[in-house]
Structure formats: structure tokens, C-alpha cells
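Using the sequences and the hints given, assemble the complete structure.
This is what each chain is made of:
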Amino acid sequence: MPQVTFRISRGSTHQDSQFVDYQTDITEGMVVLDAVHQIQEESAPDLACRWNCKAGKCGSCSAEINGKPRLMCMTRMDTIPTDQPVTIEPMKAFPRIRDLVTDVSWNYEVKKRIKKFKPRKPDAPDGTWRMQQVDVDRVQEFRKCIECFLCQNVCHVLRDHHKHDEFSGPRHYVYTAALEMHPLDTEDRIKDVKDEQNIGYCNITKCCTKVCPEHITITDNAIIPLKERVGDEFYDPVRKLFRIFRPGK
Amino acid sequence: MSRTNISLPQRSFGETSRIDAWWSQPLIVFLGLLAFVVYSTWAAFQGAHYSFGAYLSPMYSPLFFEAYEHAATGHALFGDWPKWLPAAVIGIPLTPAFLILWAPGGFRFTCYYYRGAYYKAFWGDPSNCGVGEWRKGYRGERWFPLVFQNIHRYFLYFAILFIFVLTYDAFMAMWHAPDGMTYAQAKTDSVLNFGIKVGTLVLIINPILLGGYTFGCHSLRHLIGGFMDKFSGNSGRKKAYDCVSCLNRGHAKWAWASLIWVGFTDLYVRLCSMGVWTDWTIIG
Amino acid sequence: MSKYTTHEYDVLVIGAGGAGLRAAIEASGSGVTCGLVCKSLLGKAHTVMAEGGMAAALANVDERDSWTTHFADTMRGGQYLNNWRMAELHAKEAPDRVRELEAWGAVMDRTKDGKILQRNFGGHKYPRLAHVGDRTGLEMIRTLQDHGIHQGIQVHMEVTVVELLTDGERVIGAFAYERDHGRFVVFKAKAVVMATGGIGRAFRITSNSWEYTGDGHALAYLAGADLMDMEFIQFHPTGMVWPPSVRGILVTEGVRGEGGILTNSEGRRFMFDDIPDAYTSSTSDNEEEGWRYVTGDKSARRPPELLTRDHVARCIVREVKAGRGSPHGGVFLDIAWIKQHISDSEAHIKKKLPSMYHQFKELANVDITQEPMEVGPTTHYVMGGIKVDGDSQMSTVPGLFAAGECAAGLHGANRLGGNSLSDLVVFGKRAGEYAAKFAKDNSTGQVNDDQVSKIAAWAEAPFERGNSGENPFTIQSDLQVMMQDKVGIVREENELNEALDALEKLKARAEHAAADVNRDYNPGWHTAMDLRNLLTVSEASARSALQRTESRGAHTRLDHPDKNDEEAKVNNVVRKGSDGQMLIERIPITPIRNDLQQIIEENK
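Protein chains in written order, with my numbering: chain S, 1 to 249; chain C, 1 to 284; chain V, 1 to 604.
One or more of the hints may lead you astray.
As the list claims (entries may be wrong) - Okay, derived cross-link-like pairs now, BS3-like style, lysine-lysine, Cα gap no bigger than 27 Å in a straight line:
no., chain 1, residue 1, chain 2, residue 2
1, C, K253, V, K339
2, V, K507, S, K116
3, V, K507, V, K454
4, V, K92, S, K121
5, S, K210, V, K352
6, C, K239, V, K351
7, V, K298, V, K350
8, C, K230, S, K121
9, C, K238, V, K188
10, V, K92, V, K604
11, V, K339, V, K361
12, V, K112, C, K239
13, V, K298, S, K118
14, V, K115, S, K210
15, S, K112, V, K188
16, V, K351, V, K361
17, S, K121, V, K115
18, S, K121, V, K112
19, V, K115, C, K239
20, V, K351, C, K230
21, C, K230, S, K116
22, V, K350, S, K210
23, C, K136, S, K163
24, C, K230, V, K350
25, V, K351, S, K210
26, C, K253, S, K210
27, V, K352, C, K239
28, S, K191, S, K115
29, C, K238, V, K112
30, V, K454, V, K437
31, C, K136, S, K118
32, V, K352, C, K238
33, S, K115, C, K230
34, V, K112, C, K230
35, C, K230, V, K352
36, V, K339, C, K230
37, S, K121, C, K238
38, S, K118, V, K112
Quick caveat, the hints were computed from the structure, so don't treat them as lab data.
Computed from a prediction, not measured in an experiment: that's the story for all the values here.
Written out as C-alpha cells, the structure reads:
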């Protein structure tokens, strides 16, 4: 059984933290979260780490492994080099509570500000709707999101520029796109996407797409289509002209 | 637990715990784009060797006028460089390339793929995912000038026109002047002969790659169906949307392939015209 | 006395999975103030793990389906130990609850004519499970969450309740700590809804997360409420068995619903070898008919892989014990074989079972479109829980309600797959509704300061033990191993007695569990406190299992391998005695209403 060194960032704030090295044995099939648990049991019972399902379905154990935003429960030890210390850090775009745990409550606040789902009148007298599978395929991709917030974490607008007050981040564009493209929804959020969520801050680095553990094509399927819808409404002079002659729409 | 004021430390340039060669990709993009920009600018300034027989360089197509004081190539739509156009602006020569290059250039400059790529490689905004930045302030694409990136769809309209033009050029590249005759003269006399040469293939591949790139455009994907919330009951539109989506998935690859090929096509025509390369005949 | 902050609500909901969220939505919608407490972040509760679907007799795929068939299926699956009133309400109301989710934004898979698609599942006569691929639980919790946040519900994330506060008989609030910095909180509430889920963490091999420490069961028990049916713990037949670190993670029944077959090391489909009498008429006896069933042929009978979970789990254990298991001690579950029938089987499997595909690809390096999976039973669900009134979901303690997995009754001796998600919304709604009603009819109770300071001192104690104390993780892990061995999938009298002895020792050790450093997000401290709940539910299960001298549903006794008619007439109820000892009472089942009995007979 090979011994591997884990260099874990510990502390109560990002500013005031240090790396502590732990050694533990790695066996076949282990993931990084197993190693963290083993360290907790062997030598650091107070090592803080948020987790839940351990199967990549709840999105709790987000962290940065060797600088890359990952779910700890889905990162197999045999996919990362173990001849050098494995660095584990908490997400950087959110305040730290302790060790690997960050305060992600900001995300929940942002979501509340996005207008909720508003369906059209039911299609059938029994109060139900009819939707074709082809019409919900796009939305279903977005609804795979497990809210791990890794996309928020890697987005430089939040991570480096700290625009938390203005910018809602990739997760909430995916959320908004799911609502906007929902065949039943009648609400219009495009103006908010531009002025409240400030989608213009996104400069299409595609980092969010790269880190998504659910493999949602965030940039191409959610953000850019929203940018285009914003374009339709605000940046397309010919359409603007059309609207002048076709008021009411 | 509900804290709204978020105070995070400012990270320094290049700060990262990544252990892979994160700098290699932006470096390759930087060098690749820089090489193309340098070459195409140089080629655009030449105002010469932009055609070889039946071939017209894509960097000069459509050719409205022959370059200033350039002999007729048989490709110009409206003849010689007109008097009302200056040959140079504040000492910088003006060539036919500049009359058209803004369109494909603008298309690529405002392209969603290239934006992401050059923001990283040239602006370092960020250099790569999860790597600290050198700049403190950030305005994104919300304000002038970058808010103009949103007119990408208008460049798309031109880019689609260019696909037709370049397809025409590829078709014309199959018809060559007989020996001992200039192309311009043979064309006027309608005595062109069918033939496939290496250059013909080069010019045929060009609009194919450009088409793959242009028809996978994010704006086109939106305009052709993405703007709708419901596809059922409109199978034609759904098919079109699926086609564009399919090309769109490989947008970056098409972008690079078509970019390199445009440059190579110009180089091929140029070197043949200069007599450095020989244009081998395959059929005819 | 320790410092604490106080929050006051009309209704306090503890737990924010499907049941808790639905209860909170209902309560806040009926005009009372509502607080929602959850141990983890909002939307992370174990509901996200539910994969297969939500059973409701919508009759979208097979028009022969109706609530009566669903009711009869549920009762048959539960071996008639169910609270028949709950089974009735559940079957009747589930379709509305599913449609309501759609009105709140859920995007379920569709039939060709645009309705909600339904799939086959073990024990359900007709295709009945509304679903979204294999992530139905995620869809449900996200829908409820996104709807709930606009309802004015106050959500307290990462807060753990350690005791219910009582005023005389009545529950009037809860004492809790915030996980982030360990501060204490007192919630005052006129009514409390328990929606805390299950007890799977008491076992070594489990599909459950750390949260499933039986909090609701234990807190209600300690507050004087009755627990019922605690011997019935469902072992899901298909959990992952390799690699060791993912042992127990669920492999959805949907794999079998889509045509997956179980084979042993000899390549034999062993499920054909043992089909229980109650199911012979509805189960196919050859492979060809089984496949036709999976592809929607209404005249075909279901393949034996879709028999009830308790039976499939026992068959797997039998194969493994007979030496016909897979290399890592399970059996093979093969979905790749459908390429014999479907030309683009690879794409089909990825579309129908996307998270299973990724789970095996990423965690076990197995491509399920090409090779079989190795699976074995895993602790999955507790049918037992807080005894409640079928209509109102109120427990035996006034002001205390329960819904979802932590409530008992609906599932009897064995739960059918797909019935838990519908359980959450049907009874979550009812619990919220009646809790709100209770809150309107009653005034705020008086918090007993003695109780608060006592529990606060108890919570702080692990820090005082310092170096002399024991590592709580060790105690927890010893408990899990012991429970797996002695109160696991097959039980015996002497082993259950050994388990009770072992539990006494573990209780003593738990009183010395120590925590270190400080209260900031300290998992050691949290585990030290969780032990009390785990030990309480473990004891309740072991005692109930000892009491039931027969094999029925999920409860299998080696020393009593058959059903016993006398046992069929009672539920085991666990209650705290006046001296703090755990008492067991055998309560006769209320005779079923005639019309319902008739439905059961008609569907036999």
C-alpha cells in the first residue's frame, strides 16, 4: 500500500491559512474524499470537510485538488500523480468557514432574486400540460445541475474580480436558461439577465464548462444562447427598428 | 449562515496550485494567432501576387479592383484601382485586401470561440482557468468597446456571403487558361479549359473548412432555432438547429482549421505567383 | 448557562429533503410562519440520490392503471403490515402531487403524446414511475427548493437539532447547533414536523450519506413518541461492491426496469429459480417474455429481476453464499446484453441511465454499455419510523408531526421502489397542512430553561473529555460493523441478543466520545453527538427484530424462516419507558375497511 502525502489547506479564513501535510495509505479504487476521511479518522478529527452522498450526486464536496476545482468524491486517486504531495484547498471564490468548507450561502441569495417559473395555462382540462421530449431535452441538460458551485468558483469574474454584488455566475445562467427555454414558462427574464445578472461580465473563458462534474455544456448551451437572446432584445439595431413598427411585441 | 458581504483576498498574477503546464495552451494560442495576424497583415500590404492564373487568394476575394497600378488578373469585378480611391492613407499603402478583410476579420474577432481564446492568450483575463490575473479592474463585455462584440451576428451575415464568393472562386479554380495565354485574356475570350491542379484542391478545401466554421457559429445556432422554446411540429427547423449544433460542438477545431487553411491558400497562391512553387496538374 | 439565539415560528420543519420541503411549502402557503432546518446545504438532502422515479397511478402509459391497483400493489409489497389508510391516501393523492411538481417547473421525461412518461419497477403491476432519466430525486428536490425559496420560508442551513423541547406532553420547539461555528440555537414552534430521513449510517454497507443517523427517529423517541416497525430495514439488492471505497453506493432499480439481468458466476439468470407463490401469475418464466415486458408489451409478464427488493436481495445473498458470486462478493448485473435486441444499445443505455453510466465509468472504471456490473445488497431504507396518524401525520406526541422516511406505516414490511418519492410529497403536504392547522389552534409553549441548559451541557461535554476520551469515528465504525453483522440482512435470536449486549457497551463508550480544538465545523464533535441517535435507532431495530419471530418482507430470521399468521396481526412499537429503558409493545393492526379489503382481493 503506497503512502501518499496530502497537503491540505487549513484555517478559518483564506487570508489566514496554512498547508499542513498528512500521510495516509492509498488502496485500490480510493477517491480523494476517502483519503480525507481517512486522515480525519487517523490524525485530524477536526479537519473540516463538507460532504454528503459520496457518489457525485449532491455536489457538496467541492474543493480544489492540485489547483483544479473538482468534486473530491469523484476524483480517483489513480488519476492524479501521487509521487508528489497532493494539494487540497477549499473553493476560492467564497469565504472560508474552516479548512475545506466555504460559505456558499451567497449562491442561494442570488437564486432568490431570479424570477420564478411561471407556466402558461394548462393544456388539458385536468390541469396538465403536453410537452414533447424534443422540447425538453435542452432544459433537462441544465436541470442535471447538482449545485456544487465549482463553475462559480472557477469563474474569474467571481474568483479574481469578486463581482459577487453584480454578477450571478454560471450556475445561475444555467438556472435562468432552464427557465427561459422551458416550453411552459411565460416569464421574461432577459432584461434582468443583462442588467441584474450582468451577463456582459462573462468573457467566455469556458472554464465553467470544463469543471462541470455533470458535463453540462454551460457556455455553449446556456450562457451564449442567453447572450444571444439579450442581443435580440438590446443589441440588434434592425430588430429594434422592427419593434418600433411592431409595437406590442 | 448568511453572509452577504464577501471579502476575499486578491490573488496575484499567475498564482495557482495547478501542477500541469497550464501556460502551454494560452502560449500556443498566442503564437498561433500572432503568426496569422502578422502574416495576413503583411500579405494584405503586398498588393501583389494575390492571384495565380485561375486562383485568387482568399485574402483578396472578392476582388473589387486590381491593386494600384497592378496588371489585370482577370479576377477584379470592377477593373482597375479607381481614381477616387487613394493609393495610400497617411503613407500607409491601401490594397484591395483592406476593402474586404474587415468582414472575415470582424467575424473572427467577435466570434465566441476566439473571444474566449484571445482574452486568455493576449489579455491574460485570465491566462488559464484558476490562474491569478495581473489586472485588478475588470469591465468584461458590458461597456464600450467590448459591448460591440454583440454585433457578431452582423458579421455572420457577411461571412455567409463570403462562403458563396469563395465557393465561386473554388469553382473558377477548375478552369485554366491554355498555354501561352494570360488568364485575364483567356477569360475574356472564353477559352478556359477544365483541369484539376493541386491549387484547385487547395481552393476547394478552403470554403469547405470555412463553411464548417461559419455554419457552426453560435449566433447562427441562435437565429436558426435556438431562440425558440419549442421545436416540435417544425421538423425542418429542428434539423437545421441540430446541424448547426453539431458543427458548433467542434467550433474551435473548425476555427483553427479554416484559419490555417486561409493562410495557407494565400501562401500557396503567392508562392506560385512568385515562381517559388510549381502548381502540379492532377487531371487535365 | 450557554449562550444561544432564539428563533420563533408557527411551524418548524426539521429536514429539507422532499418531505420537509413539501411540508414547509404547504405550511407557509397556508399563512403561518415557517422555519426549515437542514443539516446540510439546501438541496443536498438524500432525496437527490433517488434515481428510479416516483410512483403514481397517472395511467399515462398503461390506461389500466388506477389508484386501486397502486394501493393493492403497495399493500402486497408491504405484506399487509402497512397502515392501510396511508396506503390508500398515498395511492389516491400521488398523481396530483406529481402533476403539481410539473406546475412548479419539474421537467419529467415524456410519452409520445406529450404526457409524463412512466416506467416499470419492481412490485408495480403497471409502468407507474414518473421519472427523469435516473435522477428523479434531484429533479424533485430542485423543483421543491426553487419553488419554496419564493414562499417566505426561513431556511436554516447546516443546523443540526440535538433535542426536541417539550412543555408537558407537547413538543414546542427544538435545540440545535449551527455546524459552521457551533453556536447554539433554540427554535420555538407551535408545531414541529420531522422529515429527517433514515438510519442507514448505523450499517457498514449503505447507500445512505452521513446525514442518515436516525435523528428524527431518536429525537421523537426521546421526546416520548412511539416508533413502529423498526425491524423492517430494506436492503436494496443492487449496491456497488467494488472498489471498496464505493461499496454500498446505489445502482438504481431502473437498470433492471430497462432490461438489466442478474446472473451468477456460471452465467445463469438465477432469479428464474425462485419465484414466490404470490407473484407466479405475474412473473414471466422465460427470457423472451421478460424482454417483451421490458419493451412495453402489455400482454407479457414481468421478468423475475423486477420482483420485490427483499426477495431479490435474498436471492443474491443465496447465490453468493453458495459460491456462485462475482469476484468481489456480489453477482453480475448486466444491461449490456440488450445489444442482442437493440442495435444502438450503447446510446440507448447512456440516454436512459446516464448517471449510472458515469458512476461506473468514473468510480469503478466499468463501461456498463459493454460489460456487466458487480452488485450486492446495501442498506437502503427503513420502513419503520415515527408512528403517525394516517390522515394528519401527527405522532403520538401532540404538536409533533412526521413525514417521509422517518415516519412509519405506508410501506409495512417492505417498500416498493418508487413509493418513497411519492410518499415524500403526499405525506409531506399532509404533515405541513396539519401542522399549520395545529399551529393555528394552539399557542406558543413555554421553553423549559432546565431542559435547555441540560442539553447544552451535554452538547459541550465532548470537549471536556479531551485526551481521556475516545475517538468518535472509531465508535461509529465499530457500531456499523456490529450492526451489519448481527442485525443485517439475515438475523438470528442469539445474534440479536449479542447485538443488544454490544449496544450497551457502545453506549458506555459513546459517553466518553471526545472532541478536540474548537466548535468550528468540527466533524469529530458532530459525530460524537450523532452517536446517541445512531445507538438509539440501532437498539430499536435490534429489539424489534428480536420480537418478530418470523420472516416477512425485509425482515428475515434464520431461526424462523417462514411467515407466522399471529405475527401478521401486529406491529411492534418502541417507546421510552419512565425509567429511560426501551420498551416494546405489540399493537394489533386496525382491521382494514371492507372496501379496501375488497380491492386487495380483486387484485390478488
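Violated constraints from the hint list, given by number and in increasing order: Hints 1, 2, 9, 13, 14, 30, 31, 36 contradicted; others consistent.
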